[in-house]
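Next come the chains, spelled out residue by residue.
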Amino acid sequence: MFDLSFLLEDGYLKLFRDGVLTTLRLFVVSGLLAIVVGVALTTLRALPVKLFKAFVIVVVEYHRNVPVLVQILVWYFGVPQLLPAGLRDWINAGNSEFFFATVALALNAGAFISEDMRSGLRAIPHTQQEAAWSIGLTYLQSFRYIILPQGIRVALPALLNQALLLFKNSSLAMAIGVHELLYRTRQIDNLTFRTFDVFLVATMLYLIGTLALMALSEHFARRRTAPSGV
Amino acid sequence: MYEILHDYLALFLVGSWPNGPLGGVAITLILSALGLVISFPISVLIGLAQVSPWRWMRRVAGIWTRLVRGVPLLMIIFWAYFAVPLLVGAEVSAFATAVCAIIVYESAFLSQIVRAGLEGLPRGQMEAARSNGLSWLQSMRYVQLPQALANMLPSIVNQFVSIIKATSLAYVIGVPELTYSAAQVNTITLTKPLQTFLVLAAFYFVLCFAISRFAGWLERRIARQRAGVA
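Chain order of the listed sequences is L and S.
Every letter in the first sequence is one number past the one before it in this note's numbering, and letter 204, counting from 1, is 245.
Every letter in the second sequence is one number past the one before it in this note's numbering, and letter 106, counting from 1, is 420.
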């Protein structure tokens, strides 16, 4: 039923490869940025300053209640209006679609990551902290050696789920013209009219990434709930 | 922002040329409500299959949800809009396509809620029902599902938020929902993209924030009731 031999003609394979590479670049760059954003928001919220806490809550609620596509549109169409002309020209001279899609995706994933990290850290009983202090560790040391490693273990499945969402959300960048996998898929479809074959290949390519992330997240979720054997 | 709201509120809310009698908000809400109402019974069937005593059923339902959850919604919308009409040999409206794609996508996520709700019930419930002579299906129908549904209610309301956000993608195939109205306003005004898309974000924010607050209230209420009973 499916005939994929057309892929070998006219550089369609190269278009697919370009799409996959752009999707991966979008995923990795915005993922790394999202971790930075997530850690920054978590830290800001943990500080005993009410203003910071309110700021983080506003940021998180915005990203939680507005569709990712709309966030991307705000960044791509709206934000350049605020930038000074010099900076705007500099961004437009590069790949501004990729730039703004990365920023929007990173901020969105960062807001969700900060929530996951917060609940991960909250899951560690306060007595752990007290025990660490009572054996003479400083606040930073107890955080670094006792709280953080446990918190990350609790939060890991949720964080991997965020990675999965980010990977899927990267497809929305096509709406502003980033040449990622789904954009290339539509392009190859328009060139070849082999809709089924083209979509099937693209779907498979997405599934390879997402099923791997799902398996990883389930693995860590199982490991945490399994009896420790001690 | 004020001018955008003042001049184009009709397009966002009640609709005008060229979208017909309904505005973006109305179409978004109709799309979301149809999505929830139709995908819920389907998700109950998938959820039941996932906890059923028949291994092949569990396996088929598991593979199906994993596949759907592993593909970006935009990809599913494209399948429905470009590929399925070729198969059926008939034109399908963009609106109907969007509804179908959202049902396929969201029922997979809702079924996870149903499954978790059923698995969260005490094991003895099922055993007691079976020992009273009810069949598996009868125990589900009269004992398990009614209890699980009450527990699930807040999660289902929350999932409605995610459905509303998902409908924003219907913009890509030209359904005149909220995001599409904003894009129209943007092409008319051209000079105020930031204001236009912030108004758009504000519309989604108000809708989604109100619903997720309602879900939180519902959750607290159910918890309180349960504590009162115990």
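Hints in this document: simulated from the structure, not taken from any laboratory.
Treat the numbers as computed from the prediction; the structure is a model and nothing was measured.
Just so you know, not all the hints are guaranteed correct.
[Claimed, not checked] Computed beta-carbon distance windows for the label pairs:
# : chain 1 : residue 1 : chain 2 : residue 2 : range
1 : L       : Leu54     : S       : Ser366    : 39 to 49 angstroms
2 : S       : Arg540    : L       : Gln122    : 47 to 57 angstroms
3 : S       : Arg535    : L       : Phe234    : 46 to 56 angstroms
4 : S       : Arg372    : L       : Thr233    : 36 to 46 angstroms
5 : L       : Lys55     : S       : Val402    : 24 to 34 angstroms
6 : S       : Leu451    : L       : Thr233    : 27 to 37 angstroms
7 : S       : Ile502    : L       : Phe234    : 32 to 42 angstroms
8 : L       : Phe47     : S       : Gln461    : 49 to 59 angstroms
[Claimed, not checked] Which chain S residues stay away from chain L? Per the calculated CB distances, all over 10 angstroms, these:
#  : residue
9  : Ile344
10 : Met371
11 : Pro386
12 : Glu433
13 : Glu441
14 : Arg444
15 : Leu508
16 : Phe519
17 : Cys522
18 : Arg538
[Unchecked claim] On the chain S side, residues computed to face chain L include the following (Cβ under 7 angstroms):
#  : residue
19 : Phe354
20 : Val385
21 : Gly403
22 : Ser482
23 : Phe511
24 : Val513
25 : Leu514
26 : Phe523
No residue lacks a Cβ here, since even glycine has one placed at the ideal position from N, Cα and C.
- request: Identify every previously stated hint that the structure contradicts and give their numbers, smallest first.
  value: 6, 11, 15, 16, 17, 19, 21 and 24
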